[in-house]
Amino acid sequence: MDFNDTPEEAAFRAEARTWLEANAELRGPDDDAPIMGENLSDENVAAAQAWQKKKADAGWACITWPKEYGGRGATPMENVIWNEEQARFKTPGDIFSIGIGMCGPTVMAHGTPEQQARWIPKLLSGEEVWCQLFSEPSAGSDLAGLRTTAVKDGDEWVVNGQKIWTSGAQICEWGILVVRTDPTVVKHAGLSYFVVNMKSPGIEIRPITQINKAQGFNEVFFTDVRIPDDQRLSEVGNGWSVALTTLMNERQSIGSGMGVGSLEDLVEFAEGIELDGKPAIEDTAVRERIADYVTKARGLKNTSLRTLTALSKGLPPGPEASMGKLVGAVLQQEAASFAMDLAGASGALLDDEVTPDGAAWQERYLSLPGLRIAGGTDEILRNIIAERVMGLPSDARADKGVAFKDIPTGPPQ
Amino acid sequence: MNFDFSDEQKLLQQTARDYLEANSPLTTCREILEGDQPYATDLWKGAAEMGWQGAVVPEQYGGAEFGYLELAMIAFEVGRALAPIPFGPSVYVATEAILRFGSDAQKGAWLPKLADGSAIGTFAFTEKPGQNAVAGIEASVSGGALSGTKLPVADGDVANVAIVAATEGGALGLYVVDLDGAGVTREGLDSFDMSRTQAKLAFDGAAAEKLAGADEAGIAKLLDVAAVLQAFEQVGAAERALEITREFILGRYAFGKPIAANQAIKHRMADLWCKVELARSNAYYAAWALSTDDPELATAAAIARISACEAFEDTTVEMIEFHGGVGYTWEYDCHLFYRRAKLLSSQLGTPKYWKNLLIDRLV
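Protein sequences, first through last, are from chains A and B. Residues in the first sequence are numbered consecutively from 1, following this note's numbering. Residues in the second sequence are numbered consecutively from 1, following this note's numbering.
Incorrect hints may have been included.
[To be verified] Mimicking EDC-like on lysine to aspartate or glutamate, the simulated pairs with C-alpha atoms at most 20 Å apart in a straight line are:
#, chain 1, residue 1, chain 2, residue 2
1, B, 113, B, 42
2, A, 278, B, 360
3, B, 257, A, 395
[As the list claims (entries may be wrong)] Selected chain A positions facing chain B (Cβ under 7 Å, derived; list incomplete):
#, residue
4, 273
5, 275
6, 305
7, 393
[What the hints assert, rightly or not] Okay, the calculated bits of chain B under chain A, using three or more residues with CB under 8 Å as the criterion:
#, segment
8, 255-264
9, 270-283
10, 342-356
For the record, the hints were derived by calculation from the structure and aren't laboratory data. Here a beta-carbon is modelled for each residue, glycine too, at the ideal position from N, C-alpha and C.
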């Protein structure tokens, strides 16, 4: 066991650091880490694009991509090192993770040489931002249950329907889109996969306001949107297998970027707040609760170290990524709730002047329900662990072998 | 970055697993639990021949001198097999205490016997119910003579030497006591896990040799070391309990399908898997801190201890539940794990004690 870099890792780290030092400013202790997607003002988007271009020109963009597509063929471990180093510097929020992590690799795997030449270079350089149009109001966890349709009309497809939870749709040039092209076959067989220009006539984007008032994602409505057939990425009806490529890349990019808070700030919080006249940290019940939280948080951190070790040996990220989100999100939500309880009646304040810790726990408590749902609900993650890790039987499916149009549905929502 | 055991360490682990699968199936644990033998003597000898008891003892004292990471792997396998031998108290505590604090003479007298298994060691610490730690110890030493009562003492009926916590002139320390000497009375107690016996030891002027340096800080360090090693034993046992449960729920049919096909069971299995993996990761980190004598050992040991206790106990509770009625029978093995989980979480201080200790160490 050894937590130090190998000689190769150290050399890569030094090279990355040298370039970053010459091209960016170190982050101070009071500089907030940039949050992706929550403030997509023109100014922020332009800053993010300029930073991406700078990296692309120097060969530091999309480093895990193969060299023939402009990447540097970096290993997952080198990607982790790059992210660690970049995080030490003041850089704009990342608006490219979906494009780089999911859309680009899908185009590389399934696109024609012409399609790749048209999209990949501008995706890499940050000139064109991409989004992913998969989820629908009635197709969340059951993604293949989607209902947006595409009908062939000459050399074009005509798309009608609605997508939802589309991050960054309003700033994007392109989106990857899965739609139903044949409702008379079983649900996975009737899908096709397209790249759509987000500025096309008939696309309407409506931001969704979250419970914390942020607007990270959107509803996207399609009314007779026309997509040229040369923007199709799969054989007609084979869209599901392309979507799986995208989803596998999503898992990989989540897995290699996994970060879990330590919760040791809860110890500090309980030292600073009085509970019935004495520091809360002196109360046995408080101590034991915090010890539970810290123990779990350390377990997640130590598990991510095991994942990094697997990555550094060239193994793909395993199901630990599912566990990190499953355990970590609930844990953070419970800990935030507990911190709010410690504040007594003040726990119900969102006033950052009055509330201890500038209402940070309240903000966390409001944002965490989203983390528990995004990228797979707790229930889906438990199924993944139970079925793919432990080898337990999959759920019985009422839609198995049934044509999509005959699958029972609930009332529209 | 290499947060994993080496191939050599994994090979040692595999050798230990092979040996235990051949020589200590769960029927061995059951034989001890149901019979009059206090522990599996052949297994104890076999383990000693493989160098397990002397895993961290230097070669000059007859040990195998493998190292802590290797001992951690062995402990994991001892746990997986629910091996009915007095391993932990002798190896993680008694041997460790003498190794860490003993004089050359004390080491020369005891380490070779502990390492080759011809002597069994134990730890005589608590004296009454509700006690976890150093507070409340009344046993005392005066002029090299120990008086007081210890309850319960793991393997106290079979051990040859005890590391006894006692005060002398008001200062707490650890003492080496030859349990076959004069002034020692043993009384066997019914153990919650009868595959690991317990006893009450009464000392009336027994000869006690002080372990220099084993002050309160030294005792805390000793407990940290033992907690890390025992965490491996607990995680190993939890892993095995989960495997057995998985096999059962896949083979047991109700309403026309394996009960494992029910989400209510799958999801709880997934949660248990997470708990065991978190505990494993925490144990790994603590083993690294132990093997490098890193200052983080203090917090890492507490964290490993807390999560290992929780993972093992929770797994065995659900193990019985998922087995249904048969899980509650004497005939099925669930209760062997259920008993061992509670035994191991009671020895070396309960999770409650370690949670408070962890916060002390974090503030």
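For each hint, the structure was consulted:
no. : hint          : result
1   : B:113 - B:42  : holds, 16 Å
2   : A:278 - B:360 : holds, 16 Å
3   : B:257 - A:395 : holds, 11 Å
4   : 273           : violated, 13 Å
5   : 275           : violated, 14 Å
6   : 305           : holds, 4 Å
7   : 393           : holds, 4 Å
8   : 255-264       : holds (count 5)
9   : 270-283       : holds (count 9)
10  : 342-356       : holds (count 4)
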